[in-house]
Amino acid sequence: MTWRKNQKLIVDPIACQAHGLCAELLPEMISLDDWGYPIVAPGVVPPQLSAHARRAVAACPTLALHLVPVSDGAHTPPINSGQKRIR
Amino acid sequence: MIVAAVNSKELWYLTRGSGLMALVLLTASVVLGVSQIGRLSAPSMPRFVVAGLHRNVSLLAVVFLGIHIATAVADPFAPISAVDSVVPFVGSYRPVWLGLGAVATDLLLALVLTSLLRYRIGYRTWRALHWAAYACWPVAVWHGLGTGSDSRVGWVQAIYVACSAAVLVSLGWRLTTRWSASDVAQRTLAALGAALVTVGLTAWALQGPLRPGWAKRAGTPTNLLGGSTSPASTTTTPSRG
Chain C
1 MTWRKNQKLI
11 VDPIACQAHG
21 LCAELLPEMI
31 SLDDWGYPIV
41 APGVVPPQLS
51 AHARRAVAAC
61 PTLALHLVPV
71 SDGAHTPPIN
81 SGQKRIR
Chain D
1 MIVAAVNSKE
11 LWYLTRGSGL
21 MALVLLTASV
31 VLGVSQIGRL
41 SAPSMPRFVV
51 AGLHRNVSLL
61 AVVFLGIHIA
71 TAVADPFAPI
81 SAVDSVVPFV
91 GSYRPVWLGL
101 GAVATDLLLA
111 LVLTSLLRYR
121 IGYRTWRALH
131 WAAYACWPVA
141 VWHGLGTGSD
151 SRVGWVQAIY
161 VACSAAVLVS
171 LGWRLTTRWS
181 ASDVAQRTLA
191 ALGAALVTVG
201 LTAWALQGPL
211 RPGWAKRAGT
221 PTNLLGGSTS
231 PASTTTTPSR
241 G
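Chains C and D, in that order, give the protein sequences.
Just so we're aligned: the first sequence equals residues 1 to 87 in my numbering.
Just so we're aligned: the second sequence equals residues 1 to 241 in my numbering.
The hints are simulated quantities; they were obtained by calculation from the structure and are not laboratory data.
Where is the CB? At the ideal position from N, CA and C, for every residue including glycine.
Among the hints, erroneous ones may be present.
If you only want the chain C side, here are some residues facing chain D, beta carbon under 8 Å, derived [claimed, not checked]:
hint, residue
1, HIS19
2, GLY20
3, LEU25
4, GLU28
5, PRO61
6, VAL70
To spell it out: a stretch of chain D is covered by chain C in this simulated footprint if at least three of its residues, at any positions, have a beta carbon under 8 Å from a beta carbon of chain C; those stretches are [as the list claims (entries may be wrong)]:
hint, stretch
7, 40 to 50
8, 114 to 125
Next comes chain D alone, as it looks inside the complex (with noise of 0.2 Å):
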């Protein structure tokens, strides 16, 4: 259908353009997310404002993680099953990084789904379980990271290090505003795994992805290396795209 009827090269470049829109666009969320647990406002953004945003950038977080997912899916050059997207670490393709963006889309999915319905959970259970968002974004970037085929763009690295940065900043506001004695343990604990998060991310990404020959070291099968084939070469036909 409309699967056919494109090239499978603009599959391709969909699924790693749909995968930074959505770290983008996670990256707003946990922005909105933080500022509004940390009870940011402004007369021209009042909280509710920030509610909805945070709600809606979500929710369409999801959408362009779809669309990621399924472009991969039907993408004939990568062989990557619906299978792959939620249950992690099990495919053929990069099986470790893909994993971490399965991991990633169940977190989110799990996130999603119970604010959904969050009256039939409770509060606190919903309170608790929303804690994850803080696991689900390094690990959304960790796949992104580790699996893209845009690791070493430039542009790309930029957008990388803009939304690591609007995460780290939002988090330090978090952890340094409303400060009461009760919650210094918390607070230090939680900045000490943020900069090892940030640290060991880092460092991983300097050895790893960033590095030429990522792509077989990564666990692409062999079959899909090298030569003018290779989704990270830039040489490209002229396409409808």
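Chain C extracted, bound-state conformation (with noise of 0.2 Å):
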């Protein structure tokens, strides 16, 4: 297995149906609010989490959620920013 340090969890906030899966299977870092919708804790998923994570990634039926890196900027998909905006 890759190690992959510094991964972040992210939200696309269009394309998130409020299923809710990803809270199930990782409330560590996601809550939900009054709709359904995930809130997700902020930073860097934790070592230890992050097989967790990526089941919840993998879980998401709408493919809402996604895993990347913590970024110079180079990486960061352009959803990212939209996301800022969104919180």
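Combine the two chains into a complex, taking the hints into account.
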């Protein structure tokens, strides 16, 4: 298994349909707001949670949850900037 | 090898049994998939469990389909080639009904492959392709009833009825929950389609495979018909199975 350090979770707010599987699978980092949409804990995913985070990403029915490298800017997908604005 | 070691009658029974198992698993998969998209959950059955079951039951259905096909091809009784299992309507053994099985197989493989590659394909495309599940299931049932050597056996019919009831109930639930004005037309159309398919399949089954003499009308090669060599006949020699 490749060791990837410094990843963070982001939600694509357009794709998310509040299914809530992510919060079931990763309650350590994801809680749901009153409408069922995820609130993701900011910052790097701790190594002991990275497997759970990957599982939550894979379980999202609408592919709205992403693990992205915490960046120096270059590798961050454009989706990230949208996410920052929403928050 | 293994195939040679196994008596051909056992292969033939394995074909039929694994086909029925695949139907039951496909039914479970459809019901779980519908529950998932309809956001069904319970304290003892959270969403991720429904999702995981849907995935794993579907993969298990593929395994049983693999056994179903492999044994049907390996079995020397019915002249079924590997090509017949994926290319519809070209075989010599009950071509139409076997062809429907090939169609269902192709659809199921497409469903599984696109789901495994969901990230590459993208959500919208995947979702559109996944609608094929609603075609795959009835085509599989049609194949089962049409090819099935067991369509006139009581407990097999009970399985068909139970599976159909399960799918229809879940579909009915799906079409009546989370009602919004925007999708009335779509849902009415879906309900009409489901009703039409149900009535059509039932009427056809009553006219066709549920009546005597279907084996001949289904397009079984004549040299395989009749007498104790027929796989449909219940006269079996006690065997190792």
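Consistency of the hints with the structure:
Evaluation of the C/HIS19 hint against chain D yields a held restraint, the C-beta minimum of about 6 Å falling below 8 Å. The restraint placing C/GLY20 at the interface with chain D holds, with a minimum CB-CB distance near 6 Å, inside the 8 Å limit. For the restraint placing C/LEU25 at the interface with chain D, the shortest Cβ-Cβ distance is roughly 5 Å, inside the 8 Å limit, so the hint holds. For C/GLU28, the interface hint is violated, the least distance from its beta-carbon to any beta-carbon of chain D being 15 Å, above 8 Å.
For C/PRO61, the suggested interface contact is upheld, since its CB lies about 7 Å from the closest CB of chain D, less than 8 Å. At a threshold of 8 Å, the smallest CB-CB gap from C/VAL70 to chain D is about 21 Å, leaving the interface hint violated. Three residues within the 8 Å Cβ limit are the bar, and the stretch 40 to 50 of chain D against chain C gives 3, so the coverage statement holds. Judged by the Cβ-Cβ criterion of 8 Å, the stretch 114 to 125 of chain D is covered by chain C as claimed, because 4 of its residues qualify and three suffice.
In the structure shown, a violation is registered for the earlier hints numbered 4, 6, in ascending order.
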